[in-house]
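Below, each chain spelled out in residue letters.
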Amino acid sequence: MDEFRRPFCNERVSGVALYELAQLARMVNGTLDGPGDVAITGVAPIAEALPGDICMASEQRYLDMIPSTRASALLVHHDVEQLQLPAIRVDNPRAAFITLLQAFAPADERDPGIDEKAIVADTAVLGDNVYIGPYVTVGPRTRLGNNVVLHAGVRIGNDVALGDDTVVYPNAVIYNRSIIGQRVIIHANAVIGSDGYGFVRTENEHVKIPHIGKVEIGDDVEIGAAVTIDRATCGTTRIGRATKIGNLTQVAHNVQIGEACQIAGMSGIAGSSVLGDRVTLAGQVGVIDHVAIGNDAIVAARSMVAKNIPEKAFVSGIPARPHKTALREQAATARLPQTIRQVQRHDKKITALEQSLTDKTNDKE
Amino acid sequence: MDEFRRPFCNERVSGVALYELAQLARMVNGTLDGPGDVAITGVAPIAEALPGDICMASEQRYLDMIPSTRASALLVHHDVEQLQLPAIRVDNPRAAFITLLQAFAPADERDPGIDEKAIVADTAVLGDNVYIGPYVTVGPRTRLGNNVVLHAGVRIGNDVALGDDTVVYPNAVIYNRSIIGQRVIIHANAVIGSDGYGFVRTENEHVKIPHIGKVEIGDDVEIGAAVTIDRATCGTTRIGRATKIGNLTQVAHNVQIGEACQIAGMSGIAGSSVLGDRVTLAGQVGVIDHVAIGNDAIVAARSMVAKNIPEKAFVSGIPARPHKTALREQAATARLPQTIRQVQRHDKKITALEQSLTDKTNDKE
Amino acid sequence: MDEFRRPFCNERVSGVALYELAQLARMVNGTLDGPGDVAITGVAPIAEALPGDICMASEQRYLDMIPSTRASALLVHHDVEQLQLPAIRVDNPRAAFITLLQAFAPADERDPGIDEKAIVADTAVLGDNVYIGPYVTVGPRTRLGNNVVLHAGVRIGNDVALGDDTVVYPNAVIYNRSIIGQRVIIHANAVIGSDGYGFVRTENEHVKIPHIGKVEIGDDVEIGAAVTIDRATCGTTRIGRATKIGNLTQVAHNVQIGEACQIAGMSGIAGSSVLGDRVTLAGQVGVIDHVAIGNDAIVAARSMVAKNIPEKAFVSGIPARPHKTALREQAATARLPQTIRQVQRHDKKITALEQSLTDKTNDKE
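Protein chains in written order, with my numbering: chain Y, 36 to 400; chain L, 36 to 400; chain H, 36 to 400.
Fair warning: there could be bad hints in the mix.
The list cannot tell twin chains apart, which means a pair is met if one copy fits it or any two copies do.
[Said to hold, decoys possible] Below, in silico cross-link-like pairs of lysine to aspartate or glutamate (EDC-like), each with a Cα-Cα straight-line distance of 20 Å or less:
1. K243 with D254
2. K243 with D200
3. K342 with D312
4. K243 with D143
Think of the hints as simulated: they come from the structure by calculation, not from any bench.
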């Protein structure tokens with residue numbers, strides 16, 4: 036089985052990619068510092084590297100670990116001083132690191148085509164080179180673009196569209212009529228298009244509001260494991276192009292998320308709220324319903340947005356307010372117990388002063 | 036394929052339901068305002084409506100959008116002033132809106148009966164008109180009521196009971212011995228009946244407490260996507276009739292939730308806590324273990340309940356306290372930095388007063 | 036079908052285990068208090084017990100319920116006074132309770148071996164007595180130890196290892212190259228090994244950082260339903276031996292969790308953070324990236340760890356600080372509105388004092 040198919044890969048040692056350091060240096064347009072024939076078989080964090088590994092040392096804390104690392108080579112910035120290990124020097128270690136990770140990424144490994152144990156509706160339309168794994172179900176009139184990958188156990192409803200090169204990991208569920216763009220990645224057990232949380236309360240019941248809208252997801256979106264994105268009541272719940280959503284996040288009905296947002300894990304966005312472009316929710320954030328967050332705004336981890344947030348604002352806290360204000364209040368609260376004691380002392384002193392002044396007045400009379 | 040089967044549906048245009056406005060007006064017992072023969076093909080939010088859509092305009096902010104909407108008709112309250120668009124006028128726009136959504140809801144579409152690729156135990160008992168999708172598994176002695184729907188990939192354990200008209204969406208998992216009522220809706224990837232988080236700590240281990248209890252879910256409950264409900268250690272974890280649980284919520288072992296509660300998404304209720312009837316957890320709420328929340332209490336979003344909450348209380352914050360108290364503390368905290376500066380000024384002034392008084396006393400002596 | 040196979044089980048009444056009280060007393064090395072031939076058919080919480088049940092009454096609040104319980108017998112501490120019900124008296128009721136729960140736990144019930152509707156790669160290596168349920172997929176070169184149980188719909192990728200006696204519940208997904216220890220329990224819909232949330236931001240895009248690392252899970256770990264554990268960027272995301280993780284928790288890329296930790300439900304640990312041994316996160320906790328939490332530290336429910344936490348610390352709040360400090364600040368904040376009013380009164384009094392002193396000075400002149 037052709038486990039590794041990278042263009043520059045020299046040879047394979049029991050399933051492990053092998054490059055010479057000079058090859059990797061060329062791959063990242065870097066300068067070789069030391070012997071070019073060092074054999075490199077992996078990329079690793081510097082603290083847990085083994086012989087054969089190359090490590091990025093882009094920050095001082097990692098440079099400090101070099102004397103004790105077992106790595107065979109380093110990836111560093113051009114400016115780093117003389118090293119005891121062979122290295123590749125580059126202008127942008129982080130970009131080069133991505134290239135190295137790609138070089139060592141295990142290739143996908145699966146038989147092409149439609150597994151005989153998948154069920155694809157007769158009216159579904161499939162692009163070229165689609166992979167559909169075992170036990171997948173694809174509903175009527177659903178369209179899959181070229182190179183779409185549906186891993187085992189994925190459920191795709193009726194009238195769904197998935198663009199070219201989109202990948203859905205095992206057991207994720209996409210409800211009817213969802214529209215998914217190109218190069219989208221949907222991780223395992225994510226749920227796209229479930230009914231929104233909408234009920235009308237009566238005396239002792241909740242009447243369900245039918246959810247007949249849909250979900251639309253733009254190109255180049257990535258959706259983490261066990262994320263849930265609800266369909267709109269009517270109309271559309273939208274995730275804009277290039278937005279990345281972390282694991283276990285909830286996007287409610289009729290939410291509109293712009294392009295290139297970063298929604299880190301475990302965040303929740305309630306019904307009909309609107310996020311602009313390049314908004315950051317830094318993790319475990321809450322956004323109440325019907326609010327708007329402007330372009331380029333940043334919401335710190337574990338904050339709750341309870342009103343509109345202007346463009347480029349940096350907010351934090353529950354409820355979210357300008358981060359500087361929140362920090363000031365936090366610092367003030369830390370001083371609060373001693374402030375209260377001070378106020379008690381003032382109380383006594385003021386009483387004493389008042390008494391003393393009264394005494395004097397009485398003296399005079 | 037008979038995609039739309041609504042009684043009043045006039046005709047179908049490439050799979051889209053088509054009504055005349057007068058038909059819809061009759062359907063919601065409303066007054067027609069304008070021509071009755073306007074063709075309506077969908078319901079949409081006013082901001083994203085297209086020709087053919089009808090939109091609810093129940094609040095001023097939506098009425099303000101009327102001049103720029105592309106909708107063909109409106110659903111409004113009787114009292115709304117003269118409109119530029121054809122409309123249906125009603126007493127209760129929200130209730131009428133639900134009727135319209137139902138009218139335009141795509142009909143369910145699936146072959147009847149048991150998919151040949153489902154595995155149903157010989158000892159399972161099935162009601163009339165049950166649908167079991169492909170790759171579903173149903174365990175021994177499990178009983179499914181009439182009209183139960185199990186979508187693809189659902190797992191139903193042993194000795195489970197599902198009442199009439201209950202629907203389980205793809206890849207949801209129901210562990211052994213769970214008891215589920217009638218007309219329950221369970222969304223994709225929800226997990227009912229997993230072991231509770233119960234361990235007895237020893238030196239450097241945790242001994243697992245076996246979980247031999249079960250989960251019972253009342254009639255008309257709705258459970259969101261990726262919700263997890265743990266079985267009881269012994270006895271029963273209970274979700275009362277007509278309670279609605281939002282996505283990604285966790286209900287721990289032995290929790291007792293009353294009837295008609297609203298548990299909005301991403302909430303967590305720890306072991307053995309008890310919620311009365313009609314309790315609202317407004318989203319991302321936490322409830323610690325072994326506390327009780329009274330009937331009709333409301334817990335604001337992102338609060339943490341850390342002690343018993345009386346009936347009809349409205350609480351917020353971490354820990355949750357009466358909402359008015361929490362707001363007062365919040366306002367006070369916002370003023371805290373300036374209060375601290377004021378206290379510093381007092382400190383100087385009091386010192387000055389004391390000095391001044393001492394001086395005077397010395398003067399006199 | 037041999038539903039119950041416990042060694043001491045006397046007989047079976049329509050699928051229910053039946054013991055005499057004396058048998059149970061011997062099983063837990065307890066003292067019998069009352070007749071030994073009472074028939075016991077279950078364990079239940081005292082509030083919901085039925086005739087035939089035995090209940091633990093280890094705390095006063097449960098002892099208070101004895102007069103009204105319908106239970107047939109009790110499990111109590113040796114020191115408890117005279118009871119109206121037959122009882123077993125022991126030194127450690129909680130430990131004995133676990134034994135009773137085990138005695139009444141329904142036995143696993145499944146056909147042995149590999150279901151004919153599972154797909155196991157030719158190159159997978161299986162230990163003795165493995166069970167693989169229907170619709171499971173097991174990838175190439177994956178190794179399963181002895182007695183491994185994979186329930187229906189589980190997805191196991193390529194090059195995965197699962198140790199002896201590990202159990203994976205339905206529809207859980209384990210991505211390629213994950214290493215799982217012995218006696219691990221993974222609940223339904225958990226996801227192990229999904230890509231971490233790692234992107235490099237450019238102008239209006241996010242370049243995905245390939246995730247080529249893996250996840251390693253130690254022996255005796257339990258992972259709740261719908262938990263997500265991301266693979267490392269490179270290197271390893273680690274969960275140490277005997278650590279227990281509650282439902283809906285997120286463990287990010289390159290996180291290192293020590294041994295015997297308790298990570299209660301809905302917690303989130305961001306990238307590269309390190310937890311020592313026996314750390315407790317008490318539920319809905321957040322830990323930001325790149326921080327370290329020392330051995331035996333406790334983080335209260337709903338706190339956010341935003342910097343390193345020393346060994347044995349007990350912290351709470353957002354951000355987490357020593358719990359005593361947090362309580363002091365909380366109490367001070369509750370007093371804040373009245374403190375502010377006091378400061379206002381001081382303001383007036385100080386002004387009055389200053390005025391009064393000025394008047395006196397003027398008087399004298």
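Tested hints:
In this assembly of identical chains, the alpha carbons of K243 and D254 lie at most 20 Å apart only when taken from different copies (14 Å versus 32 Å within one copy). In this homomeric assembly, K243 and D200 come within 20 Å of each other (Cα to Cα) only across copies, at 15 Å, whereas the closest approach inside a single copy is 37 Å. Taking the shortest alpha-carbon separations for K342 and D312, only the intra-copy value of 18 Å comes in at or below 20 Å, while the best inter-copy value is 30 Å. Taking the shortest Cα distances, K243 and D143 sit within 20 Å of each other only across copies (17 Å), while inside one copy they are farther apart (43 Å).
Hint check: no violations occur; every hint is consistent with the structure.
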